[in-house]
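J.: First to last, the sequence lines map onto chains A and B. So that you can map any letter, position 307 of the first sequence is 307 in the numbering used here, and since no number is skipped, the others follow by simple counting. Just add 1000 to the spot in the second sequence (first one is 1) and you have the numbering used here.
Keep in mind that the hints were calculated from the coordinates and are not lab data. Incorrect hints may have been included.
Rough simulated footprint, nothing fancy, chain B against chain A, three-plus residues with beta-carbon under 8 angstroms [as the list claims (entries may be wrong)]:
hint : region
1    : 106-113
2    : 181-192
3    : 212-218
4    : 329-342
No farther apart than 16 angstroms at their CA atoms in a straight line, the calculated lysine to aspartate or glutamate pairs in the EDC-like style are these [said to hold, decoys possible]:
hint : chain 1 : residue 1 : chain 2 : residue 2
5    : B       : Lys1061   : A       : Asp336
6    : B       : Lys1033   : A       : Asp83
7    : B       : Lys1036   : A       : Asp83
8    : A       : Lys344    : B       : Glu1123
9    : A       : Lys344    : B       : Asp1005
10   : B       : Lys1061   : B       : Glu1121
11   : B       : Lys1036   : A       : Glu82
12   : A       : Lys344    : B       : Glu1051
13   : B       : Lys1061   : B       : Glu1114
14   : B       : Lys1033   : A       : Glu82
For glycine and all other residues, C-beta sits at the position ideal for the given N, C-alpha and C.
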Amino acid sequence: MDWFTAYMLPVIYAVTMIVVVMSIAGYSVLAERKVSGWIQHRTGPNRTALPIIGAIPVLGPFLTRLGLFQPLADGLKFLFKEDITPGHVRRGYFIAAPIIAIVPALTTMVVLPFGQYTDAEGVVHPLVLANIDIGILFILAVSSLGVYGIVLAGWSANSKYPFLGGIRSSAQMVSYELAMGLSILPVFMWAAVPEPGNLNGLSLFGVVQVQQGFWLAMWQPVSALIFLVAVFAETNRLPFDMAESETDLVGGFHTEYGSFKFGLFFVAEYAHIVIGSAVFVVLFLGGWNFLPFIPAPWPDGMVGAVMSVLWFLLKIFFFIFFFIWVRWTLPRFRYDQVMTLGWKVLLPLAVANLIFNTLLIALRDTL
Amino acid sequence: MGIGDYYPILIQILLAASIALVILGVSVFFGQKGTKGAIRDSAYECGMIAEGSGHARFAVKFYVTAMLFILFDIEVVFLLPWVMVFREFLAASLPILLPVLFFLGVLVIGLLYELKKGAIEWEA
């Protein structure tokens, strides 16, 4: 039994986590199509029906109109498509690229706390798979590995459009990573309150605990803004859609891909969006804390644990909606504008913000 | 905190890789078999016959960007451990601020130099 809890239980948790995040990713594809439809006065997907559930009198047609079965159909279509590996590509790297793209996307979630459990003695435990004390460092390190998949896909396709797409998006991703890394430093400086027994360090759980009163977005608005823009750039979302930019590069780095090899890039992109939203919520929107200055209205214990997870998910869903909303609000940047924004606006702003907060903390702690 | 805390991470990496492999395998197994042909095996160029090498020459700017990224990213890596101990050190003495400000000053000077040199002018 001991052996089971020590070695098998983590495996079951990990499988559950991956299934949950992948279904959220699948349904955010649906949300993307549906919200895009509503924003443009269309209906979006509303036809795909399942044989048995779709036949239930009122509920079935309602679910069908919402398009809830669409992600299943999309998945099956990926699966049954002709599996082409064109002759001119470098075969090994070509097949490895989607795997390298999706592994980091499905790995970062392991250090992400998604709720809290207060036990009978009033001790607060995080709900997280691996509660390591360098959570944010792990997320930054692993999520940036995703760029290797894109570079490798662009290079191994041996074709002009993928090559340009891969090289553009790698330059974009490394540029915004700097601003992203610098923007979160003040957050952790404030979270590392010098009290005996405070071992917050770079732990994500510690950051959420700090936000029981103020949310860090209100307290560190500059950091939040820089991080927000950087998340959009890192996930290759419009208005930073340089990797694909279908008007000038056809499909960007995945032009030559088809069937589930393309599907893996697609899933990885949406998984990145889900995890990026979650990290933003944890760092700046209070995680699972109810509202600024208002303690959670639900009791401690199991109910509280479930409610904190649901509340956290609700914030993530709002943020995914925000991603889609921005897509239809802002036009795509030109490439030189992307690089100028990253290097000449966000990076100096992040450095200035860091220095300002260093001095502010020095003043506050010594006076 | 021990090495045991990292066990879930190992599981997650293995699971993610095996899921990717299984999905690709299943799609090869169930999907229509890919066919070969002179046109199918040439690079996609919007219907034109592909010309020249697939790897066009590209701007040296990309190399410059990558080098600058490495420089600045290493500075961020140096700053991370400092963030964890900064306030603890501050409680001990204020002059601990000076070396940090010197480090940040060097970072700012480097940034200004790079901007002045036009290392990241993409308009031209």
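J.: Each hint: holds or not?
T.: Verification of the supplied hints:
For the region 106-113 of chain A, the stated coverage by chain B holds: 5 residues have a C-beta nearer than 8 angstroms to a C-beta of that chain, and at least 3 were required. Check on the region 181-192 of chain A: 6 of its residues sit with their Cβ under 8 angstroms from a Cβ of chain B, so the three-residue criterion for coverage holds. Against chain B, the region 212-218 of chain A contributes 0 residues with a C-beta closer than 8 angstroms to a partner C-beta. That does not satisfy the three-residue criterion, and the hint is violated. Only when three residues or more bring their CB closer than 8 angstroms to a CB of chain B does the claim for the region 329-342 of chain A stand; here the count is 4, and the claim holds.
In summary, the hint linking B/Lys1061 to A/Asp336 is supported, as the alpha carbons are separated by about 11 angstroms, within the 16 angstroms threshold. Simply put, B/Lys1033 and A/Asp83 have alpha-carbon atoms about 6 angstroms apart, close enough for the 16 angstroms limit, and the pair holds. For a cut-off of 16 angstroms, the pair hint linking B/Lys1036 to A/Asp83 stands: about 11 angstroms separates their Cα positions. Restraint check for A/Lys344 and B/Glu1123: satisfied, since their Cα atoms lie roughly 13 angstroms apart, inside the 16 angstroms limit.
Between the alpha carbons of A/Lys344 and B/Asp1005 the distance comes to roughly 40 angstroms, so the proposed pair goes past 16 angstroms and is violated. With a C-alpha separation of about 9 angstroms, the suggested pair B/Lys1061 and B/Glu1121 falls inside the 16 angstroms cut-off, and the hint holds. Our distance criterion of 16 angstroms between C-alpha atoms is met by B/Lys1036 and A/Glu82, whose separation comes to about 11 angstroms. For a cut-off of 16 angstroms, the pair hint linking A/Lys344 to B/Glu1051 is broken: about 37 angstroms separates their Cα positions.
In summary, the hint linking B/Lys1061 to B/Glu1114 is supported, as the alpha carbons are separated by about 13 angstroms, within the 16 angstroms threshold. At most 16 angstroms may separate the alpha-carbon atoms for a hinted pair to count; B/Lys1033 and A/Glu82 meet this at roughly 6 angstroms.
In this structure, the hints that do not hold are numbers 3, 9, 12, in rising order.
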